[in-house]
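Chemist: For reference, the chains in residue letters:
Protein chains: 2
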Amino acid sequence: MEDVSFPKGFQAWGLACGIKKNGKPDLGILVSEPPAQVFSAFTRNAVKAAPVLFDQEVASGGGKLSHVLVNSGNANACTGARGYADVTAEVALVRALAAPKGEVMVSSTGVIGEYLPMDKIKAGIARLFKKGAAEGAGETFGPFVHSIMTTDTFEKKTMKSLVLEGKEVRLGGVAKGAGMIRPNMATMLSYITTDLDLDAGYAPTFLAAVEKSFNSISVDGDMSTNDTALLLANGASGVRYASLGGEARKAFDDGLRDVMEELAKLIIRDGEGATKLVTIETVGARTSEDAKAVCRAIANSPLVKTAFFGGDANWGRVLAAAGSSGAELVPEKTALEFCGVQVMAQGGALAYDEDDLAERMKSKDVSVKVDLGLGKEAWTYWTCDLSYEYVKINAAYRT
Amino acid sequence: MEDVSFPKGFQAWGLACGIKKNGKPDLGILVSEPPAQVFSAFTRNAVKAAPVLFDQEVASGGGKLSHVLVNSGNANACTGARGYADVTAEVALVRALAAPKGEVMVSSTGVIGEYLPMDKIKAGIARLFKKGAAEGAGETFGPFVHSIMTTDTFEKKTMKSLVLEGKEVRLGGVAKGAGMIRPNMATMLSYITTDLDLDAGYAPTFLAAVEKSFNSISVDGDMSTNDTALLLANGASGVRYASLGGEARKAFDDGLRDVMEELAKLIIRDGEGATKLVTIETVGARTSEDAKAVCRAIANSPLVKTAFFGGDANWGRVLAAAGSSGAELVPEKTALEFCGVQVMAQGGALAYDEDDLAERMKSKDVSVKVDLGLGKEAWTYWTCDLSYEYVKINAAYRT
Numbered sequence: 032m033e034d035v036s037f038p039k040g041f042q043a044w045g046l047a048c049g050i051k052k053n054g055k056p057d058l059g060i061l062v063s064e065p066p067a068q069v070f071s072a073f074t075r076n077a078v079k080a081a082p083v084l085f086d087q088e089v090a091s092g093g094g095k096l097s098h099v100l101v102n103s104g105n106a107n108a109c110t111g112a113r114g115y116a117d118v119t120a121e122v123a124l125v126r127a128l129a130a131p132k133g134e135v136m137v138s139s140t141g142v143i144g145e146y147l148p149m150d151k152i153k154a155g156i157a158r159l160f161k162k163g164a165a166e167g168a169g170e171t172f173g174p175f176v177h178s179i180m181t182t183d184t185f186e187k188k189t190m191k192s193l194v195l196e197g198k199e200v201r202l203g204g205v206a207k208g209a210g211m212i213r214p215n216m217a218t219m220l221s222y223i224t225t226d227l228d229l230d231a232g233y234a235p236t237f238l239a240a241v242e243k244s245f246n247s248i249s250v251d252g253d254m255s256t257n258d259t260a261l262l263l264a265n266g267a268s269g270v271r272y273a274s275l276g277g278e279a280r281k282a283f284d285d286g287l288r289d290v291m292e293e294l295a296k297l298i299i300r301d302g303e304g305a306t307k308l309v310t311i312e313t314v315g316a317r318t319s320e321d322a323k324a325v326c327r328a329i330a331n332s333p334l335v336k337t338a339f340f341g342g343d344a345n346w347g348r349v350l351a352a353a354g355s356s357g358a359e360l361v362p363e364k365t366a367l368e369f370c371g372v373q374v375m376a377q378g379g380a381l382a383y384d385e386d387d388l389a390e391r392m393k394s395k396d397v398s399v400k401v402d403l404g405l406g407k408e409a410w411t412y413w414t415c416d417l418s419y420e421y422v423k424i425n426a427a428y429r430t
Numbered sequence: 032m033e034d035v036s037f038p039k040g041f042q043a044w045g046l047a048c049g050i051k052k053n054g055k056p057d058l059g060i061l062v063s064e065p066p067a068q069v070f071s072a073f074t075r076n077a078v079k080a081a082p083v084l085f086d087q088e089v090a091s092g093g094g095k096l097s098h099v100l101v102n103s104g105n106a107n108a109c110t111g112a113r114g115y116a117d118v119t120a121e122v123a124l125v126r127a128l129a130a131p132k133g134e135v136m137v138s139s140t141g142v143i144g145e146y147l148p149m150d151k152i153k154a155g156i157a158r159l160f161k162k163g164a165a166e167g168a169g170e171t172f173g174p175f176v177h178s179i180m181t182t183d184t185f186e187k188k189t190m191k192s193l194v195l196e197g198k199e200v201r202l203g204g205v206a207k208g209a210g211m212i213r214p215n216m217a218t219m220l221s222y223i224t225t226d227l228d229l230d231a232g233y234a235p236t237f238l239a240a241v242e243k244s245f246n247s248i249s250v251d252g253d254m255s256t257n258d259t260a261l262l263l264a265n266g267a268s269g270v271r272y273a274s275l276g277g278e279a280r281k282a283f284d285d286g287l288r289d290v291m292e293e294l295a296k297l298i299i300r301d302g303e304g305a306t307k308l309v310t311i312e313t314v315g316a317r318t319s320e321d322a323k324a325v326c327r328a329i330a331n332s333p334l335v336k337t338a339f340f341g342g343d344a345n346w347g348r349v350l351a352a353a354g355s356s357g358a359e360l361v362p363e364k365t366a367l368e369f370c371g372v373q374v375m376a377q378g379g380a381l382a383y384d385e386d387d388l389a390e391r392m393k394s395k396d397v398s399v400k401v402d403l404g405l406g407k408e409a410w411t412y413w414t415c416d417l418s419y420e421y422v423k424i425n426a427a428y429r430t
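Chains as they are written, first to last, in the working numbering: chain A, 32 to 430; chain B, 32 to 430.
Hints listed in this document are in silico derivations from the structure and should not be mistaken for laboratory results.
Each hint should be verified, as a subset may be incorrect.
The list cannot tell twin chains apart, which means a pair is met if one copy fits it or any two copies do.
As the list claims (entries may be wrong) - Straight-line Cα separation of at most 25 angstroms, DSS-like style, residue types lysine-lysine; simulated pairs: (1) 51 - 161; (2) 393 - 423; (3) 39 - 407; (4) 191 - 296; (5) 364 - 407; (6) 423 - 395; (7) 95 - 198; (8) 407 - 191; (9) 132 - 191; (10) 364 - 161.
With the rest of the complex left out, here is chain A (with noise of 0.2 angstroms):
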């Protein structure tokens, strides 16, 4: 009740049917009643997974969500059109079982290039539409959230209770990582919900959102071919965001942001291999595009990355990376800080306490601020360390 079914509306469980080998839960599903408008964001490879492209339709639809169906341990990725049939053929299950008054989504995360067990995942899929009866009978469901971890060393969930103009309107979400797994690559998924009754038109909001969160994190560059981001507004709260005053609203936007970028940095803490979490924040930029441009050229440096990992301040390795971003950059505007303490201004190296930025470096928490002294947009992101757990990681052979 701590994640997506927090908000009036939402159930959510998972179970396992055996698409993981090691038996744990691989197979979940959430349900809105009654049905939820959907906002939608996904991977922009030109490889998209099977769900992806039927997902991405139905979202073009327009028409409201009943139910999204995730796996985990089979990512159904490069898989033609037998894949695309399987995802439909999964839909079908699911409306016979559960007769939804809406849409159905699919989203899949694991291995990719193998084809789903459809057997194990059809009777998966039955067993979990027995939940209370079943319960009685001795089968297991366990928590939504724990049916899309792969590699995830701890649970991404979150949630949120705001009061709008003297009503409860709440928040739920879930999320897995986005570090990158044995024997190929794993994906980002997150699913949030609310009970705030939001119209289609809040599309734009809802993306601008998940450029400031999901869209601002790297663990180390590479994008999933099955990336999704997902908001459900059932407007089971009885509160309409479009009745509600500017303050509301901004109450509300700010809370959805706060959900997604917690969400974004938990899937950042959870990075492989990573042993610090790195705030990097671009203020002074000319334009919004140019700061994110510089925080992105510094998440994605293996050079900066390792030099976090090794607790090192390095200056001149932020500033390249910054310089090599595209954006506009004049060294002799630009001023640098690490863990609060500024180490450059105007192109040229300051004197500064060692020992103290070298025991500030050391915390799990650090940060990195650069300051392009040209105008007045900024950009935050988020990045982990590069440590020699990523490559040990990622080099094993797959077996």
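Knowing the structure of chain A, use the given hints to seat chain B on it.
Modeler: Just chain B now, kept in the frame of chain A:
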């Protein structure tokens, strides 16, 4: 004589002037008599070192080049107006001592954010030009290539003799590595010499060869503040490119590209922590920009690079990296080969001899080939794997 001084009319040497604390060579000079037509390519980083800014001005002036002064141990980057004034002081001293008939350029590589030790450099320049007299007095001069080395573990040089319409034309070249060094970032420097007479109009052909060589390699995707590639053509062979027939011109163009490609590959082979040279070939692209983008995305993917370190023919990671490149790609038309073994076609996995491929992946020279199946354009790129040693070298705290 086996490098930049192989072509007629070029001399080059170096010595240790004390910039490096370990007493290794750190100052060198390349001299062309007669002065040479110069073709140049510099870093695209917005943060450019003082010598790069200076050389760009010289290049835009269009004058012929007599001398290139180089130093290692200090990059003279992020040093502002004082750094630029130091470059002009170096050049003034070269002019006073050597009375060059043409222009003078300067390159630096090493630590960034520190001012050049001008006393040591001025004394070193004076000693450089006592070669001959000073050798009798016990002064030690060494190869030019040693004076540009930083973390390079071997010298990178090459030479080539061509016979064009019955006359010998020579090419020579040296380079230093693009790996990144403690405490700050290093640089790709390369100097190519020829005694062919080339007009300024050759610039597009030179720049195209730079794209196919130095701009088609990646150790870690970072771009230095000091990257410089120069081609000096002094005409001392008495052969004019403009007077040659098409076949001889092509022979020279190919020879030049071979020299540049060889130097570029030596840089990668000496990449920090590298255990393998990875050749990435993309064919069947609609445009050469697409082919290059796919190569670059694969070369810069930490997931792909760690997989090569682990000897893992991980086609899912390669395909996903290609898909994220922004290039036109249709999974169902894409084929992949590792070390000559086809592992994927039409977007799906193929059966292959896993033991055989595992054996091939153990080689120090490995390859991946992507056929996009969309057109006729191709590109080749070189990178190295990502090892524990890379993390170790780059995570070490500055001392």
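Chemist: Using 25 angstroms as the alpha carbon limit, work out where residue 423 and residue 395 are close: within a copy, between copies, both or neither.
Modeler: Cα proximity of residue 423 and residue 395: in one copy and across copies (21 angstroms, 19 angstroms).
Chemist: With 25 angstroms as the alpha-carbon cut-off, assign the pair residue 51 and residue 161 to within, between, both or neither.
Modeler: within (21 angstroms within a copy, 74 angstroms between copies)
Chemist: Checking residue 364 and residue 161: alpha-carbon separation at most 25 angstroms within a copy, between copies, both or neither?
Modeler: Answer is neither; intra-copy 64 angstroms and inter-copy 42 angstroms both fail.
Chemist: Can you give me the call for residue 393 and residue 423, within, between, both or neither, at a CA distance of at most 25 angstroms?
Modeler: both (22 angstroms within a copy, 17 angstroms between copies)
Chemist: Given a CA cutoff of 25 angstroms, do residue 39 and residue 407 count as a within-copy pair, a between-copy pair, both, or neither?
Modeler: Neither way: residue 39 and residue 407 sit 40 angstroms apart in one copy and 56 angstroms across, limit 25 angstroms.
Chemist: Are the CA atoms of residue 95 and residue 198 at most 25 angstroms apart within a copy, between copies, both, or neither?
Modeler: Answer is within; shortest intra-copy Cα gap is 24 angstroms, inter-copy 78 angstroms.
Chemist: Up to 25 angstroms between alpha-carbons, please classify residue 407 paired with residue 191: within, between, both or neither.
Modeler: Classified as neither; 31 angstroms inside a copy, 54 angstroms across copies.
Chemist: Up to 25 angstroms between alpha-carbons, please classify residue 364 paired with residue 407: within, between, both or neither.
Modeler: Close inside one copy (14 angstroms), not across copies (46 angstroms); limit 25 angstroms.
Chemist: State whether the alpha carbon distance between residue 191 and residue 296 is at most 25 angstroms within one copy, between copies, both, or neither.
Modeler: within (16 angstroms within a copy, 55 angstroms between copies)
Chemist: Go through the copies and call it for residue 132 and residue 191: within, between, both or neither, with a Cα cutoff of 25 angstroms.
Modeler: neither (27 angstroms within a copy, 75 angstroms between copies)
Hints 3, 8, 9, 10, counting from the list given before, are not met by this structure.
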